[in-house]
Amino acid sequence: MTTAWKEYSSGKFYDELMSSPGRARKPAQKLVAYLKSLSEEDISARRMAAESTIKELGVTFTVYTEEGNIDRAWPFDIIPRVITKKQWDKAAAGLSQRLQALNMFIDDLYNGKKIIKDGIVPEFILMQSANYRKECEGFSPAYGAWAHVCGTDLVRAGDGEFYVLEDNLRVPSGVSYMLENRSIMKRVLPEVFEEVNIAPVDDYPDRLFDTLSSLSPRRVKNPVIVVLTPGIFNSAYFEHAFLARQMGAELVEGSDLVVQSDDCVYMKTISGLERVDVIYRRIDDQFLDPEVFNKHSVLGVKGLMRAWRSGNVALANAPGAGVADDKVVYAFVPAMIKYYLDQDPLIPNVETFLCYDDIQRKYVLDNLDKLVVKPANESGGYGMLVGPHSTKKERETFAGLIKANPRNYIAQPTLDLSTAPTYVGNNKPEPRHLDLRPFVLQAKDSYVTTGGLTRVALKKGSLVVNSSQGGGSKDTWVVDTESRVK
Amino acid sequence: MLSKVAERVFWTARYLERIESTARMVSIYDKLLFDTPRGFTLGWYNLIVINSLEDDFNDRYSVRDERNVVKFLLGDETNPSSVISSLKALRENVRTTRDVVPEETWEWINELNMYIQANLQLGINRSKRHEFLEEIIKGCQQILGLLYGSMPHDAAWIFLRLGRNLERADMTTRNLDAGMAAIIEREEDESIVNIRQIIWGNVLRALNADQAYRRTMRCAVQSEAVIEFLLENEEFPRSIAHCLNALIDSCAKLPRSKLIVAELHAIRKEILVEINYDHLGIPFREYLNRLQIHLSNIAQLISNTWFPAVV
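Taken in order, these protein sequences are the chains called A and B.
Per our numbering, the first sequence starts with residue 1, numbered consecutively.
Per our numbering, the second sequence starts with residue 1001, numbered consecutively.
Calculated from the structure, these hints are not laboratory results.
You may find that some hints are simply not true.
[Unchecked claim] Chain A stretches covered by chain B per the calculated footprint, using a threshold of three residues with CB under 8 Å from any CB of chain B:
| no. | segment |
| --- | --- |
| 1 | 34-43 |
| 2 | 46-57 |
| 3 | 264-274 |
| 4 | 298-306 |
[Unchecked claim] Below, computed lysine to aspartate or glutamate pairings styled on EDC-like, alpha-carbon distance capped at 16 Å:
| no. | chain 1 | residue 1 | chain 2 | residue 2 |
| --- | --- | --- | --- | --- |
| 5 | A | K55 | B | E1274 |
| 6 | A | K55 | B | D1059 |
| 7 | A | K362 | A | D416 |
| 8 | A | K444 | A | D210 |
| 9 | B | K1088 | B | D1059 |
| 10 | A | K26 | A | E396 |
| 11 | A | K55 | B | E1007 |
| 12 | A | K55 | B | E1103 |
| 13 | A | K85 | A | D357 |
| 14 | A | K113 | A | E137 |
| 15 | B | K1088 | A | D71 |
| 16 | A | K26 | A | E195 |
[Claimed, not checked] Selected chain A positions facing chain B (Cβ under 8 Å, derived; list incomplete):
| no. | residue |
| --- | --- |
| 17 | I78 |
| 18 | M127 |
| 19 | E250 |
Don't be surprised by glycine CBs; every beta carbon is placed ideally from N, CA and C.
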């Protein structure tokens, strides 16, 4: 398949693996040489092996459709994305720095609002934020950490540098796929693992466990940790079960928990009630506690907020952490890093226009065909306008939306997202755009995954990587090219 | 252990057992039909009767032939007891309890599922049916072996054991009843001795009890001995006495079990003294009916003790 690689060209885009047609970047050299050596039949066989591994491992994600929820096999490409250790170490430091500042920001918002008083962030942004929870005011969780688990989306632009696209501080998902991708790759391309110095990724569940465990309000040797899931019909149920299993924690639904008159949380076991110390909750704030938030929620636990505010149970992420998961707040993160840490951000933001600002809004409205417009509080790639791919009618609709509610919209230039060779329909590598979602933990200590989840847009030219919208994924290799292979 | 997880594990074992015994039953029946004397018709519909599925079956099919019965038992998604439905329920239960069973359980159930989905037609057509059912039985035994070989004997294990033994006792009762019913039906037949042997031999094979019966009872296949073996033998894993002992022993290892263990002892005693070998025939079928009621009471007791909806 050497010719296919010679013909491979990503055009004007930065390619993760290839520096020019036929020439691989240093950390990817052995991988590409190996892939070149495979015949078309070999490639078919490997791709089929990956597919059947995915089915055997039961790696699925749920798509909500009109006919009901469908479990689909996880779409996966066998060519990994490769990053040098040196580049990754820098990015990881930047991610830790960012989450530290974000947590200080959230803690400040609920306790004194210094950053607003000092005029760094305008007050109305906060007051109109869909995820600001008045119920959290005056409370500060252990280590001042509100967002214990953060999934930050990184993109690499034309200049080959990483930029932060968004921070997911509510219930970010995807880490189980990152781990499963690695186990799939080990079965599919075992030969390359012997040749290349690939950093392992599988310590994440242990580090998550340590992070959660350090939050326990009771100083006991083995705190009781549970993963709270909305249940089997949630699109991320696979992940909830996966993480619970990997951590040896109980996977519970709201109906398994109860808050007693002592304001402690208990789970219903075969021996009776057992006290719970830490809840890694994977349900949204609004559904956590029908006593405080959505009264009709059957997913949550009555009295949970009471128990949390009394300090009898830890919630990760803390309620209200989502206030920083807002694309307008995002624009202020570099300023926060400066304000709280007195440091320069190690990873820059993507240039962002805030529609509430008159001058910036005018620019956005005049340039809708060149920009990507996003609502401030949506996730999953919904409700977006991708200017260059939009129709006149769509642009008019968005212009109306922005004018009606400027606070709720931001715009960013269309990015020249980097590409990587991907086997699509045929067995020839073709360039496809991708992003990267590393996961960052923070409590007593902080931790960043080695690499993260690489999501790839399988459609030619598409920039939408979400699995619910035709995206796939790749294994992510952080490769040490400097120290020698054992 | 969470009550909900315990309940799901309990059902995992029941469904796994149900898939295997359904496959075994169809496969034995298939062979049995080659052995029956000329003029003796043992309809496939009997399989529906054994499993108390008459209403469900008749809702969907008007012709009670082989094809419809086999399709209904193996591949009908609207029949909650079919192999395909049990497999679906099994998968859902394991999917939600993957943390308490060995890791490979989930993978192997997916493999079994893929096999069954891809080859269902083989089971419905006659020519390859045997291989198809054999694969299912092997798949179930493989998973069972995995659980036996690698699970710590913790609460999850005990709930699996409870589900397995309850389901087995239920299946043995149904098979005995089917045998008895078939014999009563042929009471007038001249070749009755021969037919009794064939029918009871069939019951033993459906429960994989053929060899154990011969070694233990040291006699030819005959009504009283078969019934005694399947009810009272304490060593054979599918006999009622064995299943009841296992249920009592398992419950005793769980928390809050004092009451239920006492009740189980009482039920066991009642079941085993009530048998009357002098009056088989219809009185025996009535006895089996009471046995079924006892078994469903046991299921209820287990559920009340450990799976309460609200604590």
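So if I understand the rule, the pair passes when the alpha-carbon distance is 16 Å or less; does K113(A) with E137(A) pass? The given pair, whose Cα atoms are some 10 Å apart, holds under the 16 Å limit.
16 Å limit on alpha-carbon distance, applied to hinted pair K55(A) and E1274(B): 51 Å, violated
Please verify whether K55(A) and D1059(B) have alpha carbons no more than 16 Å apart. 35 Å, violated
Proposed proximity, D357(A) with K85(A) (alpha carbon, max 16 Å): Violated - the C-alpha atoms of D357(A) and K85(A) are around 40 Å apart, more than 16 Å.
Any CB of chain B closer than 8 Å to the CB of I78(A)? 20 Å, violated
Between K362(A) and D416(A), is the straight-line Cα distance small enough, at 16 Å or below? Violated - the C-alpha atoms of D416(A) and K362(A) are around 24 Å apart, more than 16 Å.
Would the hint linking K1088(B) and D1059(B) be met if the CA-CA limit is 16 Å? Violated: K1088(B) and D1059(B) sit about 22 Å apart, past 16 Å.
Coverage of the segment 298-306 of chain A by chain B (three or more Cβ within 8 Å): It is violated: at least three residues are needed, and the segment 298-306 of chain A offers just 0 whose Cβ sits closer than 8 Å to chain B.
Given the hint that K444(A) pairs with D210(A), does the C-alpha gap stay at or below 16 Å? With Cα atoms ~9 Å apart, K444(A) and D210(A) stay inside 16 Å; holds.
Hinted pair, alpha-carbon criterion (16 Å max): K55(A), E1103(B). Please report holds or violated. Holds. K55(A) to E1103(B) sits at ~15 Å (cutoff 16 Å).
Between K1088(B) and D71(A), is the straight-line Cα distance small enough, at 16 Å or below? Given that 16 Å is the threshold and the Cα spacing comes to 13 Å, the pair holds.
Just to make sure I understand the rule, a stretch counts as covered if three or more of its residues have a C-beta closer than 8 Å to a C-beta of the chain. Does the segment 264-274 of chain A meet that for chain B? holds (count 7)
When held up to the earlier numbered hints, the structure conflicts with 1, 4, 5, 6, 7, 9, 10, 11, 13, 17 and 18 and fits the remainder.
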